[in-house]
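Join the two chains, each given in its own frame, into one complex according to the hints.
Read off the chains here:
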Amino acid sequence: MAKRMVLLVGTNKGVFLYTSDAERKEWSLKGPYLPGWEAYSVLGDSRHGNRIFAGTSHAAYGATIRVSEDFGETWTQIEQGPSYSPESGFRLNRIWQLAQGHPSEPDTLFAGAEEAGLFVTRDRGATWRELDGLTKHPTRPGWYPGAGGMCLHTILIDLRNPKRMWVAMSAVGVFRTEDGGETWTPRNQGLARVPTGQPQEEVGYCVHKMVLDPFDPDTLYMQEHGGVFKSTDGGDSWFTIEDGVTLRENDAPFGFPISVAPNGDLFLVPLESSEQRAVAEGKLLVYGMHRGESRWSPIGDVMPDEPRHVSVLRDAMTVDAFDPYGLYFGTTSGEVYASLDRGRNWNRLPGQLSRILCVKPWLVED
Amino acid sequence: MRLEVSVPLLLRDCTGGRSRFSLEADTLEEALRRLIETYPLLKVHVYDERGQVREHVLLYYNDDNVAWLDDLGIPLRPGDKLRVLQAVSGG
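In order, the protein sequences belong to chains A and B.
So in this note's numbering the end of the first sequence lands on 366, straight run, no missing numbers.
So in this note's numbering the end of the second sequence lands on 1091, straight run, no missing numbers.
The following block holds chain B by itself, in its conformation from the complex (with noise of 0.2 Å):
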């Protein structure tokens, strides 16, 4: 299934130039993970060294926080999206 992915502009050196893009996943947390073996620069700005998704990112699935889904093995649909946001922190 093919995913639509945005990414912030700031990060957009990390995935070829481009802050959107499509990756091939079956489900959610494969989308996940290819997101970061596909573009590999990307993976120290949207997790820190513990391997969380860092504090002032997000991760959303279509209008879901990510970080709130309980299951990540949800299989992906036509036209879902995929998005690494900024979290809004301060004014």
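Here chain A stands alone, though its shape is the one from the complex (with noise of 0.2 Å):
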């Protein structure tokens, strides 16, 4: 059975389709799909036909999800979606995060919402309901905003078990259930507080992006507004590890995405700063750590000639499940990247696109 790679693509005006083959070395681009709708969350999933799944939104019109069963050429809102009840005083603003279930789930979903809270379908996205353990834990009160808004980005499931999770939220931090979603615990010691003004000490951590390791479940990855941090104890406790990745003197590390391989090899796109959100000096720099080192390096220089003076955003940076793996991110400005030699030389996809939110790969079996 042949495999082709699909690479998705979310902007804040619509969706755009890459698609090559196994080799990835010559791409058609197809879009805009959704034009007009912000697509903070794509997912393709092939577990019942093959479908993609897109978080839509509109400043006016609110948010919804969608899916296609045709590679994009018409889409279907879906009508039971996610929703806050009324009661809950809550705003569904945004879809940031659509991530599968756990392998022996295939009929499950999980949806990350803006403002923060997390919601699941378990008849393969027809139904969606809250899982409201997160909104009514004690802390809430003490949640606010990071200036992307206070999103649900990250939904982690632990391989091993499928009723361990994590989920991640800017600007509040890292929450752990250990009974598929009903009770949620905070797990951010170690990681750099911003200050909210708040006296609940467990919330207020502006994680930007959050991944699991491929091979212990119990080691996450972190780009954090104040950091990277690593923790080997499933999130109980947070280490930095930033040695080689320093931009700016006295100053964390700054940046949103960061991804990991399939090998466990880490990437993240550092930025100047908090202030200036922007890559330093025009230099478009993948950073990695290979699997088995210990130290970040500047190991990508994706376009040496040019400056680019861009940003990368949380969720758009990614790796395919090829071997080898190819990994991929989109810029602020439309661009999409490619490296096929674990981030070291880097190649652009055609097209020039709007305000790249979201890449996310999908392997289709034809």
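No wet-lab data here; the hints were simulated from the structure.
The C-beta atom is built at its ideal place from N, Cα and C for all residues, glycine as well.
Heads up, a few of these hints could be off.
[As the list claims (entries may be wrong)] Which stretches of chain B does chain A cover? Using the computed rule of at least three CB atoms under 8 Å from a CB of chain A, they are: (1) 1010-1018; (2) 1032-1045.
[Said to hold, decoys possible] Derived pair list, reagent style BS3-like, types lysine-lysine, alpha-carbon separation capped at 30 Å: (3) Lys-13/A / Lys-25/A; (4) Lys-230/A / Lys-30/A; (5) Lys-230/A / Lys-283/A; (6) Lys-13/A / Lys-1043/B; (7) Lys-136/A / Lys-1081/B; (8) Lys-3/A / Lys-30/A.
Encoded structure:
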């Protein structure tokens, strides 16, 4: 059975699809699909046919999930999608993350929302309910948004145990569940707390993106507002891993995405600072810490001959599941880049898109 | 009474692919209810979690913003129009 690589790109003006064969040398571009809608999240799901889910939102018209069964040509809005009850007082502004359930739960999907909350479907996306143990957590009155809004942007599942999950919210922190999402515990000890002016020390941590180690489900990595962190105890405690990645003296490394490859290689796109939020001096550098290394290195100069004063958003870098793996990211200026050699050399994919919000790989078998 | 309705192009996937269509109703209140009953996908885009018209959405009955009408029980007349509009919000 032939395998195709589809790279799903969500922008603030619709969804785009790049398609290639397993070699990933030549790419074709289609889209925009859902033009006019922001797509903060996309997911290719091949568990029941080939379906694309998109978390669509608009400043005037709110947020919904739409699904396509023909590679983006037509879409259906999910009628009983995520929604907050009138009594909750929360608003559903955006869908920041769509994630498949544990492999033992093939009908399950999760959605992370802004205002921060987690939703689940157990019927392949037809009906959704809030896992409201999170928004009913005693710390909830102390949750405050970061600059991008109070979003639940990361959903991770322990492959050993479908009941054990982590979510990350900006600027709230990491929460872990051991019971499939019914009850949650903050897991932020050791992170850099941002000043919220609120007394609750358990929350107020500005997680930008978090990934799970492919070999050890107790090991997590995080790009945080105040540095790059690692946990080896499932998030119970965190420590910095910043050797080699300091861009400005006395400042913790700032950036949004962090990606982990199937072999454990880690990647960042550091930015100059929280104040400037663009790559330093126009150098679009990808930093890597290959498996077994203990120090970050600027391994990929993506556009060595041209300055690129851009940024890369938290969900706009990803890794595919081929061997060798492909590493991809999209910029706030709408450019998509790909590397097939562990981040060292880069090619730009065709097209100039709008502001890229998310990039997700999808391996399709024809 | 037949009422002409228009919705923004962005929302036409919620109204059977059409941005202009008609509804049968006797009053404006009934027309607003039938709009959502007939096209339930529209509800989340027009109304917020509290059931209020979204902050940046306008419902216009002919030349009047529905939000400023005292009584929605207005009997509909031939040629009446109901428009769902995105409010001008920003530059």
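Checked hints:
no.	hint	verdict
1	1010-1018	holds (count 4)
2	1032-1045	holds (count 4)
3	Lys-13/A / Lys-25/A	26 Å, holds
4	Lys-230/A / Lys-30/A	38 Å, violated
5	Lys-230/A / Lys-283/A	26 Å, holds
6	Lys-13/A / Lys-1043/B	22 Å, holds
7	Lys-136/A / Lys-1081/B	44 Å, violated
8	Lys-3/A / Lys-30/A	18 Å, holds
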